[in-house]
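Asks: Here's the letter readout for the chains.
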Amino acid sequence: MSDGDEIPSTHHVVRYCSSTRLREDGTPAATAFLPDTSEDYLSVFWLEFSGLEDREARVADIRSRMTKSGIGLKAKGKLAQLLVGKTKKEVAATFGRDLSILSKPFVDEAFVDDAHAGIFGISSQDLSIATFIASDLVEALHPARAPATSSR
Amino acid sequence: MNNQALSVRDIEFITDVGSAATQPSIDPKDKRENPAAVFYVPRNWIPEPATWNITISALAASGLAWLTAEAVESMPLTKLLAVKIGHELSPPNVLPLIWGATPSEYDVVVSLPAGYSSGAAAFTVCSAPASAGALEASNASVFDQLQPVEQFDEKFRALLNKLEATVVPAGAAIASRVKALVEAAQDEEEPFSMDALYAFAVFAKSHPRMPYPHLTLGPKGLLAEWRESKSRAVGIYFSDITTVQFTVARDNPRHTGQVERISGSTTVDRIGALVSQVVPFPMMWLSS
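Chains as they are written, first to last, in the numbering used here: chain L, 0 to 151; chain G, 778 to 1065.
Only chain L is shown next, with the shape it has when bound in the complex (with noise of 0.2 Å):
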């Protein structure tokens, strides 16, 4: 798949949210599906990419390529999991928005992943939207970091 191809509305991207995005009760506030300042969508990452069948080896699949493209995940941080096709589908019926959901391995030099996209259609002023997202849409939370694994 290259860039700008869409996500198949039956996959799921997941997006970093750092603990200043989270509500003390660990849930994604609005702030988490604001897009950055920079940034003219919001940076995601598609979670069947690598085809692996297993749950946690998908997203731990997702932990790796988020690291080695320079973003640092915390302990305190979580990956918010949305479904492609329910996201763009509430959204459009809820306040009338075409969401593109597309694929986008080259960010810049540093930060090249092929599991990479973006959710197109939303700025840092769609305050509602975000707050929709948070709200309503988020599927799965899962760690920032995969869980310590106890040793015998």
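Do not rely on the hints blindly, as some may be mistaken.
[Stated by the list, open to error] Cross-link-like lysine to aspartate or glutamate pairs, in silico, EDC-like; alpha carbons within 20 Å at most: (1) K75/L x E966/G; (2) K1007/G x E23/L; (3) K1007/G x D135/L; (4) K67/L x E966/G; (5) K75/L x D964/G; (6) K75/L x E960/G; (7) K956/G x E23/L; (8) K67/L x E965/G; (9) K73/L x E960/G; (10) K1007/G x E89/L; (11) K956/G x D24/L; (12) K956/G x E966/G; (13) K73/L x E966/G; (14) K88/L x D4/L; (15) K1007/G x D24/L; (16) K85/L x D4/L; (17) K67/L x D964/G; (18) K73/L x D964/G; (19) K73/L x E965/G; (20) K1007/G x E138/L; (21) K88/L x E1037/G; (22) K75/L x E965/G.
It should be emphasised that the hints constitute simulated quantities derived from the structure, not laboratory data.
Add chain G to chain L, keeping to what the hints say.
Replies: Just chain G, lined up with the frame of chain L:
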């Protein structure tokens, strides 16, 4: 917008210098269309870099206004090194302010460099920026103020103290949460907007009974949320005092299970009144 200067008599200067020579007056040589209140630096001070803390209090004005600070050029050997207004250094020396119906105070620091034996700073408060350029500079500061947090420790502490003292009883918890967020922003290498915190503090001053909100940081500001459920929630996103967004979710009174969503943006002095008009569930503190 008409650019109307406030009368000098409506602006009160409170200084810690104590000399009559430092009290504000109208500079007789000042030929500007809008006369400014002028703060004179003593003539006999030791020629080293020095600063004065003064407080400007607006007595009669209300609404949004702009404070302009500049050196008085008619005085020889005068140079205004810097003016800090409120929490921030304002390079163009122009800053939007919120004047309340009750006296509003802004702390101003006037600094002069070494080698100058006297000086004066002129302050003008207008209903619009002095020029289009000034407005652009003012707006640009929204983004410029996304600073590394270590740069504003002193200002940050002062704002936290104000929040803690202003909001009762939630002020201490709010200040603690803001401090934790700033520490997290440092850890995440994210910027933090002092303009946003300042706007939130202005809002808090007008709503001292606000209950403890969910507070998070966004790319351009600080989000405060009060949520009872998905269909009963208010979010106010402070970027600076002129840019405050809100979103309200409420039950649709005619269709059970349907949610109405209302959003918009305004200035910080209007946000409480605006949101209180569309929040059907009890948030009495908003109308304070």
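Asks: Take the hints in turn and mark each one as holding or not.
Replies: Hint by hint, here is what the structure shows:
no.: 1; hint: K75/L x E966/G; verdict: 14 Å, holds
no.: 2; hint: K1007/G x E23/L; verdict: 17 Å, holds
no.: 3; hint: K1007/G x D135/L; verdict: 8 Å, holds
no.: 4; hint: K67/L x E966/G; verdict: 17 Å, holds
no.: 5; hint: K75/L x D964/G; verdict: 11 Å, holds
no.: 6; hint: K75/L x E960/G; verdict: 13 Å, holds
no.: 7; hint: K956/G x E23/L; verdict: 13 Å, holds
no.: 8; hint: K67/L x E965/G; verdict: 16 Å, holds
no.: 9; hint: K73/L x E960/G; verdict: 13 Å, holds
no.: 10; hint: K1007/G x E89/L; verdict: 15 Å, holds
no.: 11; hint: K956/G x D24/L; verdict: 17 Å, holds
no.: 12; hint: K956/G x E966/G; verdict: 15 Å, holds
no.: 13; hint: K73/L x E966/G; verdict: 11 Å, holds
no.: 14; hint: K88/L x D4/L; verdict: 18 Å, holds
no.: 15; hint: K1007/G x D24/L; verdict: 15 Å, holds
no.: 16; hint: K85/L x D4/L; verdict: 18 Å, holds
no.: 17; hint: K67/L x D964/G; verdict: 18 Å, holds
no.: 18; hint: K73/L x D964/G; verdict: 8 Å, holds
no.: 19; hint: K73/L x E965/G; verdict: 7 Å, holds
no.: 20; hint: K1007/G x E138/L; verdict: 15 Å, holds
no.: 21; hint: K88/L x E1037/G; verdict: 18 Å, holds
no.: 22; hint: K75/L x E965/G; verdict: 10 Å, holds
In this structure, none of the earlier numbered hints is contradicted; all agree with it.
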